[in-house]
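Got chain A; can you put chains B and C on it based on the hints?
Line by line, the protein sequences give chains A, B and C.
The numbering of the first sequence is the numbering used here, which starts it at 2 and goes up by one.
The numbering of the second sequence is the numbering used here, which starts it at 73 and goes up by one.
The numbering of the third sequence is the numbering used here, which starts it at 1060 and goes up by one.
Honestly, I wouldn't trust all of these hints.
[To be verified] In silico SDA-like cross-links for lysine to any residue, where the CA-CA straight-line distance does not exceed 20 Å:
no., chain 1, residue 1, chain 2, residue 2
1, C, Lys1815, C, Asp1440
2, C, Lys1432, C, Ala1810
3, C, Lys1815, B, Lys225
4, B, Lys225, C, Asp1440
5, C, Lys1346, C, Gly1242
6, C, Lys1432, C, Asp1756
7, C, Lys1346, C, Asp1198
8, B, Lys225, C, Thr1755
9, C, Lys1432, C, Ile1149
Worth flagging that the hints you see were computed from the coordinates, not collected in a lab.
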Amino acid sequence: MSGEHFTLHVNGVDREVRDSWLGESLLDVLRDRLGLVGAKGACEQGECGSCSVLVDDNLVCSCLVMAAAAVGRPIITVEGLSDPGLPTDVQQLFVDAGAVQCGFCTPGLVMAVHDLLDRVVEPTETEIREELAGNVCRCTGYGRIIEAVQRVAVSRRADREVPR
Amino acid sequence: MPVFAPTTVESATGLLADHPDAMLLAGGTDAMVEINDGRLRPDDVVIALDAVAELRSWRHDPVTSTLVIGAGVTYTELLRDPPAALAPALAQASRTVGSPQIRNAGTLGGNLGTCSPAGDGLPVLAALDATVTLTSATGTRVLPVMDFMVGVKRTALEPGELINEITVPVVDGWQGYAKVGVRNAMVIAVASACLVVDRRARAVSLALGSVGPTILRCPEAEAALGRAIDWEMMSADVGAFARFGELAGAASRPITDHRSTAEYRRHAVGVLATRLARRALTRSEAAA
Amino acid sequence: MTVTDRPADIRPGTIGSSPPRPDGVAKVQGSFEFSSDISADGCLWGATLRSPHPHARIVSIDLAAAWQLDGVSAVITAEDVPGEMNYGLISQDQPVFASDVVRYVGEPVAAVAADHPETCRRALDAIVVEYELLDALLDPEVAIAGDAAPIHPDGNVIRHQRVLSGDPDAVGDVVVEGTYELGMQDQAFLGLEAALAIPDSGGGGVELHVATQWLHEDRRQLAACLAMDESAVRLVLGGVGGAFGAREDISLQVHCCLLALRLGRPVRMAYSRAESFLGHVHRHPAKIWIRHHATSGGEIVKIEARMVFDGGAYASTSSAVLVNAVTMAQGPYRCPNAVVDGWAVRTNHLPCGAMRGFGAVQACFAQESQMDKLAEACGLDAVEVRLRNAMRTGDVLITGQPVLNVAPVERCIRETDALPLPDEPVGGTVGADGAVDVMKLPGGAGLTADAGDVVRGIGWGVSIKNLMYSEGFDDYATARCRLHGGVATIKFATAEVGQGFVMIAAQIARTILGVDDVRLDPIDTQIGSAGSTSASRQTWMSGGAVDAACRAARERLFEAVGAAHGLEPVQLAIDGTDVVDTMGDLRVPVVDATADLEIDETVEYHHPQTVHLDENGQGNCHTAFAFVAHRAVVDVDPELGLVKVVQIATAQDVGRALNPLSVIGQIEGGIAQGLGLAVMEEIIQVDGVIRNGNFTDYLLPTFLDMPPVVATLIEEPDPHAPLGAKGVGEPPTISSTPAIVAAIRDALRQADGVGKPLSRVPVRPSDICL
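Bound conformation, chain A alone:
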C-alpha cells in the first residue's frame, strides 16, 4: 500500500493523515483514518449526499473529493457544526419536526440545510426542494424535512426581528 502522508484542516484543527493510498476519497479518510464518522457513505458516486461536507465553504460530496487534493482547504464536517449535546437550531428542529427516522442521510442533510440557509435566508418550498435535491432520503418522503427547514427560517426571522 502506497503510503501518502499529508495534513488536512478539519473543523478548525490540523489533522495528520498517514498511509493513505493515492486516490483515496476524503470521505474514507475522514471516516477510516481521522475517526470522524459523521459523514456517511451510501453510494460512492455522489448520488445521495450522505457524505456532504463543506470544503472551502462549498457544499460537496466528500466521496468525490480526493483527500490528498484537499490539503490546505478548510473542511467542515457535521462534527464541526456543534458540540456534542448542543445541537444547532437546524439540528434541533430536525428532531422536533420528525425529520429523522433511520438517520443515515441526516448528517449530510444537516450540512446541506446549513449551507442553504446561509445563502438563502427564507427559501420557498420549491427552492428548498431544488437545493436539497442532492440529498436522498429513503425513510421520510421529505415532508418533515421541508417542514424543519421552514421552521428554522421562521425561527431565525423571529430572532432577527427581536427589538434590541
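Positioned in the frame of chain A, the structure of chains B and C alone reads:
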C-alpha cells in the same frame, strides 16, 4: 508526495510535461466515481488543478463579443450572473447538472475532458460554436469544440495538454437548452438539445446530446429552419417548428441501453427541438 | 400539521403525543453509531467474492495467490463452514458459500480477511475461480411448465397455491381483464450492510454487532452454520440505516463470524452500494393475469387470476409473499367467488424476498388497475366503483377468513376524497412576470415542457394489508420492564430500523406506569425474541409486549402500594404521574411509591393462532388487517412521457396513532417508495446480469420527485390490537403505486381521448408517449 497542486497554468503544464502519465484532477465528480469503484487508479502522480486561479476565472471580451471561461469554472458559477446573462443556455444546462454538491465541484473543463455524449454542457458549447484552448508546456492551440469532441469519452487532447479555457460567443438572439431525464433531479440525460437562433448572423444552430457517440449538430434542420424564419419578426410558422423537430430526430443516431431505447431518444430530441424552436420564435401564420 | 398537534390533556411523552426521538440528537450530530461506524481494536476487514455468472458449475477455486498477498490473513470457502452449509428463513436452501454450483450473479463463493479494504479488494481479485457456464433458467413460465432441469435440489417451484372459493363458474354481466407486470424493486436502504464480529477468546462463542431486522432469527441460522449453541452466539443491534425488508435474510452475518472465529480477532465487513444490490433480496417481479366479473352495477361477482412471482435463485420468503398476493387478490372489496392460481418459482435471477408490502403490492397494482377498468365498463367513476364494493368488518376474504378487525374502507375512500385537491394549476401559480415555476413542471430544470404541454390527471388506489405473520407462524414478542425509584427501564430485542419503536416504547411505559424517566436497555439477544421488524407488526407485537410488561410491573406496584394502604390492586390506578385509588382519597407520586421497590417483569406477547391454507387456499391464515386509500394528482407531458406527481392524498386506517408525527413519517416515507415503483425504480437484469446496480441508474425519488402529502389518520381503535393501534408502515407503499399510474392514465385519456393501458410498473416515458 505524488499529488501536486500547482497555482499557475505554466507550472501545471510543466508538471504534465515531466509526468506524462499524470492524472489531471479538477472537480473530481467523474474521476472519483471511477476511483471509488476500483476501475481507475492514479498510475503515477495526480495534478490537482483547483488552485490554478487562471483556470477558475472567466472574462467577458466585449470587443470580440465572447465569454472566455476557464476550464476550472464550476457549474455553480455558471449559474450566476454575469456569466449566466452572457450565456443563458449554458446556465440552463448547468442547472440540470447533478445536484448542488456536484455543481459546486464539477467544472466545464471536466465535462469536456470526460466527453460523454450525455455531458450536460456540451450541446450548448456545440450549438454556440465554442472553441477550446489547449495548452501544453510547448504551446497553445485552439480547436472548435466539435473537433475537440471526437467520440464516446474520446477527445483530441494530446499528451501533455490540458484544457485551459473555453471561448463562447455572446450571441445576439435566442438560446435555450432542454434535457430529458427519468426523474426530476440528479439524472443523466437520455436526450438533450441546445438551440441558438443568432439574429445578427441569421443562423440557426442545433446540437443534440445523448443520441450519438458524441454531440451532433443538425445541418439540415438548421438550414431548413433558417430558411423558414422571418428574421425581422423572429417568427416562423407551426409547420416549420414541426419540420425542425422531424429533421432533428432524423439527424440523431441513438442507441438502446439500460437507460433508454433508441426509439425513445430519437422521438425525444425531435420533441425538444420543436419546443425549443417554439420558444425561440414567435408563431406566425403559415404561408398561403 | 394539525394531525400532530397534541390535545392539551395528553401528558407530554405519553401515548398520543409526538415526543422527539431519544436517538434524535445523536443522529443529527452524526454521533449515532450505525453498524458501519462500529470498530474494535485490532480488527481486520473482510470482503466477499461473488459469482459473475447467473448459472455455472464451479470447476475449481484457487486461493493460493490471495493467501500470498501482504496483509491478507484468511481466505475461506464452503469447506470452512463448520456447521450447516445452508441457511434460509423458510427453507434451508441457500449456501453460505457456493460449492458446486452458483445460481445467481452475486452469489458468494469465498471471503477474505485483510488489514484494509484495499487489500481485501486485491485479495479478491487474486482468487481464481474456474467456472463452467450452464444455461440460465430465466423464464418463470419454463419453471412452472416443469420442462427445465431443476436448478436446485428443492426444485424449480418454490410454492404453488390456489385459492378457490364460492362458485368457480359464476359469471358477471360485465367482464374486464388484464395482464399486469411489476419490475424488480430494491429496498435501497441508505445504511449499507455492515457488521463487526468479535470472537470470544478461546473461540467458543462470538458477539456480532449487526444492522438487521430480527436478531434472534439471525442468531438461529448463524449458530447452526457455526456449529455453535445459540447461547454462544450473541447479537447486538448495530445502528440500522433503514431496512424495508432487505435485512430479513442473512447477508454478511455468517461470513463475518467465520472470519473472526478463524482468526481469533475482530473482523468487520461493509458492503459497497454495488455489492449491496447483489447482497440482499429484492421485491419479486411478477406477472399477474386477472379477470373481474361484476354486475352491471359494478359489484364484483368473481375474480379469476393467475399470478407468477419470480423468486430468483433461493427461496427466502417467496412462499409467504405468494400467500399474501393470492389471499388478498380481491383487494379491500367483497368478492363472493374466486379462482386464483399463484406460483412462486425459482430462476437464476437475483433472489427475491421481503420488501415493504410483501406480495400485497403486486396484487394491489393488478386489482386496482382492474377496478378502474370495471368503473369504465359500468359507467361509474373511480370512487363510486370502490365504494360499492368496499369491505366492512365481518366480510370475508376469498380464503373464507372473516375480517374481524375494524375495516373502515368506505371511510378511507370518503375521507381521502374530502381532502382538498392542489390549489395550484399545472406549472404552479403564474408569477408577476407571467412565468410559471419550471420546477413544478414535469422535467423541472430540464425545461422539457411548457405548461401547455402538460395535462393533469387524478387516480385512485385502495388497499388491504395483513399485519403480523401468517399461516400458523407464532411471531411473538418479548419485553422486560424494570421499575425503581421513578425510573422505568425497558428491554426488548425489537430492531429499531428508523421506524421509531424506541419512541413509542417509552411512550407506552410513561403512560402505563406514570413515570417520565424511561430508559432503554441495549437491543440484543440478552432477552427473548421480538420477532421481525417487518409485516407492520412491531407496534402491535412489541408494543403489546412492552404494554404487557409494563402492566405486569404496574400490578406489582399496585400490590405494594395496596399492601401499604390496605387496598386491593384493583382499587388503584395511575393518574398522570401518581398512584391514586379509585375513591380519590389516596395520591402517591410514582417516584415515591417506587423508591424502595425493585420490580422486574418480562412478558412474551403472542397473537392468536392462525392456520395454513388448505389446497384450495381456504383457512384463517392471517392475523389482522389494515386499510388505506390513496388519491394521486399527476401532471403528465404526454408527448415526452415525463411526469410530476403533484399531490398524494390519503386516509389511512391506523387504529390509534400512538405517535402521530411518527405515523405521518411512515405514511410519507411509504408513499415515496410507492412512487418509486410507479415511475422510476427497477433493477434491470439482462440475461441474469444486473445492469444498474448503482444509484446513478437505480433511481430513487428525490426532493423534486416527491410531492406534498395530505393525510387523514382514521383512528378507530381496533379491539384486537393491544393498544388499539394497527401497524402503519406498509399500507402507504401499497396503493400509492396504482393511484399514481391511474392518474397518468387519466391524464392520457384526457389528452387524446384514448389513453394508454400502462399495465406495467415502473411506467417509463416510452410507455406513455410511444
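Name the hints, by number, that the structure is in violation of. 3, 4, 6 and 9
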